[in-house]
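Chemist: Reassemble the complex: the two chains are provided individually, in unrelated frames, and hints are given to aid placement.
In the order they appear, the protein sequences are chains G and S.
Residue numbers for the first sequence follow the working numbering, beginning at 25 and rising by one.
Residue numbers for the second sequence follow the working numbering, beginning at 3 and rising by one.
It is possible that part of the hints are untrue.
[To be verified] Computed footprint of chain G on chain S; a stretch qualifies when at least three of its residues, placed anywhere within it, have a C-beta under 8 Å from a C-beta of chain G:
| hint | stretch |
| --- | --- |
| 1 | 53-65 |
| 2 | 198-209 |
[What the hints assert, rightly or not] So the derived list for chain G, only partly shown, Cβ under 8 Å to chain S, looks like this:
| hint | residue |
| --- | --- |
| 3 | F90 |
| 4 | G93 |
| 5 | L103 |
| 6 | V104 |
| 7 | F111 |
| 8 | Y113 |
| 9 | P179 |
| 10 | T402 |
| 11 | L410 |
| 12 | V411 |
| 13 | E470 |
| 14 | E483 |
| 15 | R487 |
| 16 | E488 |
| 17 | V492 |
It should be emphasised that the hints constitute simulated quantities derived from the structure, not laboratory data.
Every residue gets a Cβ at the ideal spot worked out from N, C-alpha and C, and that includes glycine.
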Amino acid sequence: MSDATQRSRAEQDTTDQSTLSQSGDDATTTEIEASRTAESTRSTLTLRRRIRRIGPWSIWLVGGFFLLGLGLFYAEATLVAAAAIPFVYVGYAALSTLPRNLSIDVNRSVDDRRLTPGDPVEVTVSVTNTGDSVLTDLRIVDAVPEELAVTAGSPRASLALRPGSTASFSYTVIAKRGDFAFGDARLVVRSLLGTDTATLSATVSGADSVNCTDPAALDGLHQATKLRTGVTQSDQGGEGLEFHSTREYRSGDAQTRVNWRQYAKTGDLVTTEFRQERAAREIVLLDVRPETRCSSAVTHPTGAEYAAYAAEAAVERYRRLGHRVSLAALGVDADDVEIPIREAGNALWVENAGTETGQHAADAVFSAAADVAASRTTANTALTSLVENESEPHRRDISGLVAQFPERAELLIVSPLVDRTPLSYAKRAAVIGNAPTLLSPDPTAEENAGGQLHSARREIRLREARGVCERVIDWPAERSLSAVAAAVDRGGR
Amino acid sequence: MSVLGLLRRGLLTLSLLALLGAVAALLLAPELIAPAEDAMTPIYDQVAEYETDQLLNTAVGTIALIALIVGAIRKLSGISGEADPVLVADDERLPESVSVDPATVTGYATNEAVNGVESLDDARQYRNDLRETAVAALQAGGESPEVARRRIEQGAWTDDDIAAGFLGDAVPVPLLARLRGWLDEAAEGRRRLVRSINAVATLATAPDAAAQTPIEEETDE
Numbered sequence: 025m026s027d028a029t030q031r032s033r034a035e036q037d038t039t040d041q042s043t044l045s046q047s048g049d050d051a052t053t054t055e056i057e058a059s060r061t062a063e064s065t066r067s068t069l070t071l072r073r074r075i076r077r078i079g080p081w082s083i084w085l086v087g088g089f090f091l092l093g094l095g096l097f098y099a100e101a102t103l104v105a106a107a108a109i110p111f112v113y114v115g116y117a118a119l120s121t122l123p124r125n126l127s128i129d130v131n132r133s134v135d136d137r138r139l140t141p142g143d144p145v146e147v148t149v150s151v152t153n154t155g156d157s158v159l160t161d162l163r164i165v166d167a168v169p170e171e172l173a174v175t176a177g178s179p180r181a182s183l184a185l186r187p188g189s190t191a192s193f194s195y196t197v198i199a200k201r202g203d204f205a206f207g208d209a210r211l212v213v214r215s216l217l218g219t220d221t222a223t224l225s226a227t228v229s230g231a232d233s234v235n236c237t238d239p240a241a242l243d244g245l246h247q248a249t250k251l252r253t254g255v256t257q258s259d260q261g262g263e264g265l266e267f268h269s270t271r272e273y274r275s276g277d278a279q280t281r282v283n284w285r286q287y288a289k290t291g292d293l294v295t296t297e298f299r300q301e302r303a304a305r306e307i308v309l310l311d312v313r314p315e316t317r318c319s320s321a322v323t324h325p326t327g328a329e330y331a332a333y334a335a336e337a338a339v340e341r342y343r344r345l346g347h348r349v350s351l352a353a354l355g356v357d358a359d360d361v362e363i364p365i366r367e368a369g370n371a372l373w374v375e376n377a378g379t380e381t382g383q384h385a386a387d388a389v390f391s392a393a394a395d396v397a398a399s400r401t402t403a404n405t406a407l408t409s410l411v412e413n414e415s416e417p418h419r420r421d422i423s424g425l426v427a428q429f430p431e432r433a434e435l436l437i438v439s440p441l442v443d444r445t446p447l448s449y450a451k452r453a454a455v456i457g458n459a460p461t462l463l464s465p466d467p468t469a470e471e472n473a474g475g476q477l478h479s480a481r482r483e484i485r486l487r488e489a490r491g492v493c494e495r496v497i498d499w500p501a502e503r504s505l506s507a508v509a510a511a512v513d514r515g516g517r
Numbered sequence: 003m004s005v006l007g008l009l010r011r012g013l014l015t016l017s018l019l020a021l022l023g024a025v026a027a028l029l030l031a032p033e034l035i036a037p038a039e040d041a042m043t044p045i046y047d048q049v050a051e052y053e054t055d056q057l058l059n060t061a062v063g064t065i066a067l068i069a070l071i072v073g074a075i076r077k078l079s080g081i082s083g084e085a086d087p088v089l090v091a092d093d094e095r096l097p098e099s100v101s102v103d104p105a106t107v108t109g110y111a112t113n114e115a116v117n118g119v120e121s122l123d124d125a126r127q128y129r130n131d132l133r134e135t136a137v138a139a140l141q142a143g144g145e146s147p148e149v150a151r152r153r154i155e156q157g158a159w160t161d162d163d164i165a166a167g168f169l170g171d172a173v174p175v176p177l178l179a180r181l182r183g184w185l186d187e188a189a190e191g192r193r194r195l196v197r198s199i200n201a202v203a204t205l206a207t208a209p210d211a212a213a214q215t216p217i218e219e220e221t222d223e
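This is chain S alone, in the form it adopts within the complex (with noise of 0.2 Å):
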């Protein structure tokens, strides 16, 4: 830092810590300044012999005037009123983004059709993809494509209750999943949905466990 700069800081400390000085003294011993209002008196004496308004009007002009010139420094140098600084301007790409459509995520078609669904009817028009899908699972652990529907049919294939009772028409729909859909249908229905594709998820990982499972023959009536 230069030399300059330097004196201009302590000359600005100093007047700072005077300023302060006397406001401390003026407040808690007024006394110490006592010699100061003594040597103010005369000036009162001399203001005392002028008229109150027109004093007034000599001391508003002089702020203003003041206000004046402050307010012509600051217009001729250029300053304005600024927001703070940002390093990422709101137009600006944020550095942490991604310029990706999310609708090329694997999945968000489906996804898309499970949060529109809006009742249980609506939930129930997907059953038969998910069905064809846990046959094509148990198909690749090597069971035959009729008993595998049967076995979906029967509910025979998953542990989850919601989702043996969604798929297959063979297997109630526990109560409390009814009262449920009494309640709200469309959450009931979009539960239901996810349930039993975690269901068949679980099935396509691991068919040989869920074709352990008795299924009861079927019988000609």
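In isolation and in its complexed conformation, chain G is listed as follows (with noise of 0.2 Å):
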């Protein structure tokens, strides 16, 4: 149809939404008046353009009178008749109009529960006609942060909205690390007809943005690391050797710390804590090397995002325990970060991270780490082999990072072990004491070939780590990290 007719206004208080109006329309002609209102319970309409199909000015007209016109001069009843058919088609359309005081609420609500990397996060979407005449057809697409993915659901929705009633949609949203900000919601609402449409931008009160930033917020990944008796006392309850308290008897509980002689006296069962002991000397070793930055599918963060957020978690952890603990980064160039740091073999290396000093430096590496981890390795396609060719590290780099351990301190290894350079470096610090632990996040999905033999390529390696570590843990992309940080404090795999 070629008689589009437009006529649209943007709203003369609003900057930069005027870009796809036609400017210099008379003004009189636009009749919707986009509701701008203090009230909060309203969304900010701002319209972008407004096009009706059949003006009251439009070709149809000519089309009826020269049906008219005909008709009269053959005098034929079928014609004169036949001219009414584009006259009521104009004036129908004239009839068809939106209404004059557009009135829509967009509300967003999102999970509000705290975020890890790689969390589904539902993004739920409900919108409400707070206006007097019905809504025949609105359609509103969600402006999605450009950094998250939809994995379910969808941001679009097409909706029939009586006056005063709601109507919502959702969709999930893969978080990622960071502060991601939502956009204004985009509607188009028609009249019945279809004659007269409108394309607006609407505020949307409640959630504005994804956060997932705090990894000191994580617990639970301290006891990753074994518990070695007789280092160092905390005031936690648990095992040990001290007492510290008794509760009421949990299923579960070791029966050696079930206080049998209170039972004996009255059949309460009630569990003995002893004081919790544990190695008071840590090391995070963490492998965000290029190799690890890639993922298990394009709307996953890197299995380097994953290891780069459970590490700073880690040293988070254990700096507020009072720990002493050290880290180490592989991967992580020291001229990507803001203050000079110490470099033992390839890695960063950043003794006593619980000082004022080393925190400052420890926080300017994982900052580094981040940014690099979030920079995807692009596969090499030019290989004649299908698997990337494995390079071991050099001894050397080895013994300058393995030197830098303190005596006794424990080791986590966070990396998402796409090849075997963490298992030398865990290797080589069980043989001089440092128990090491593996975390690895599984940068891995069996949805294909190439998947499935990667993930049995690192499953080999996990096979191999179990023998070198006190303990693994295996980090399904699937899996979220704060149900791994329970599960680990659960002290589960």
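Modeler: Right under this line is the structure:
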């Protein structure tokens, strides 16, 4: 149809929204007054464009007059009657218009639980017709942050709303590290005949971002390393030697810790808590080498991103517990870190991140690691083999780093284990008495042959790691870090 | 809605209904509008006095004039042909899209290599990679490298005939697979690779189970 009519006007007080509207239009022809109100229950609507397919001055009018003239000229009743068709068409189109006062409330809610990278986040958008006329055809699309991928549902909906009624739709995005803001929702409202259409953008109340920034808030990862008795004593109750407190028996408590004397006296099952003893010195070895910066799917963060987040959470946790935790980072270039950091082997080394300078240095390293982890490594398709060549690290690099490890400190290696390099470090550390623990986020998916092969090779490395490390925690791609941390806290794998 | 707007809509509705009524009468019950026809008779008589050509010119001229007026009004009010309104224009980013290079997904290069296989020979050049992985899997299950190699040579590591035959020289590839290879080399090459990768993946998750199968001792010649 070539006779589409456009009359549009951007709201005077909005900036840059008028790009789609034609300037110089007769302002009086715009009938929609986008409601701009201080009430929080309504979204601010901005008219971007309005199209009226059949305007009052349509070509159809000419057709109608032509038929009428012809009918009268030949005194033919059928032709005169036929002239009514274009007239009725134009007349009805003039009746079918959008309400003058469109009023719509768009509200967005996001899972408010604490998010870690890779968590699926459900976003629910509800749309309420706060005006007094029926909206027969309302189409809406939510502005999803560019960095976040929609994995389930759709951020689009087509709704019909009676006055006062609400409809909602939801979709799922995958959280990434950082704070990602949503934009304004885009709407298209059509009249019943579809002859009058307006494109609007609407501010959205409620949640305006997906926030996943604070690894310090993540609990439980400190339990990953083996608890070694006799080194330091914490204020937490648990296994140990010195009496701490008693509490009600819970199923799963060790029989040796049940206070049988009290049971004989009163019949109550009570568990004795001892002052928990654990190693006071930890080393966290973070692996974000370029090989690790690939993901299980385009929608998910890279293995390095998971590792960087988990390592930061672990260091934070140890530091809060008053442990002497040191940090080693593989794959972070010293030039990328804001402040000068000591290098040991080919890793960055931060001794005792518990002190003020140490904390400062560790924060700088983590910030640089998070940046490099998010920069994905593109696969080299020029290879003539199915798998990448695995290069063993230089012995000198390993000894250079391991020589820095404090005595009797426990090593937590956080690595996606895409090659055997972390195992070389683990083996060397195990030899000199730094009991290694491996926490490995899985960057593979068994969706296709390539993913299967890499998953299989990683599985083989994990088996090897179980022979070297005190504990190996495999972190499947579909599980969130918070779930893994909770499992670690409970003592599971 | 303002009173004026209501009035306008009311008038428009009434005139539309009247128009429809008149048309219905004209078509179905012409006798109802006979009085109107009678009123028209003097006009028709007057019109009949003119020449047909003259009359036709007047009619065409009137319609052309109306068309001109409508066209001028459309032009003046800035009306132009517009496409359908769209939520997301063609040149805009789709809200549910991801701006991530698929080449950064683990295994991309391997998939490309498998898809690039065009003959059985192409597929065979990757056999050593898979054999090494299978040996490493068996080693992780506690087998010595020599025994693991022999096991793969003899195909005693998987239930999959195609994978066993493809990676093991001492085992024949099933007849049907050979026939398929003769018909379509490229497809069969890819098929053997994918089946072998599947088998190696299964082996990696449970190498102990595969190690239960007995193998023949190496005979010194």
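Chemist: If a hint holds in the structure, say so; if it does not, say that too.
Modeler: Hints versus structure:
1. 53-65: holds (count 5)
2. 198-209: This one holds; 8 residues, not fewer than the three required, reach chain G with a Cβ under 8 Å.
3. F90: Holds - the Cβ of F90/G comes within 8 Å of chain S, reaching about 5 Å at its closest.
4. G93: Holds, about 5 Å.
5. L103: Check failed: Cβ of L103/G comes no nearer than 10 Å to chain S, outside 8 Å.
6. V104: For V104/G, the interface hint holds, since the closest Cβ of chain S sits about 6 Å away, which is under 8 Å.
7. F111: The hint holds - F111/G has a Cβ within 8 Å of chain S, the shortest such distance being about 6 Å.
8. Y113: violated (10 Å)
9. P179: holds (5 Å)
10. T402: holds (5 Å)
11. L410: holds (4 Å)
12. V411: holds (5 Å)
13. E470: This interface hint holds because 7 Å falls under the 8 Å limit.
14. E483: Status holds, d = 4 Å.
15. R487: Given a least distance of 4 Å, the restraint on R487/G holds.
16. E488: Interface hint status for E488/G: holds (6 Å vs cutoff 8 Å).
17. V492: Where the cut-off is 8 Å and the nearest Cβ of chain S is about 12 Å from V492/G, the hint is violated.
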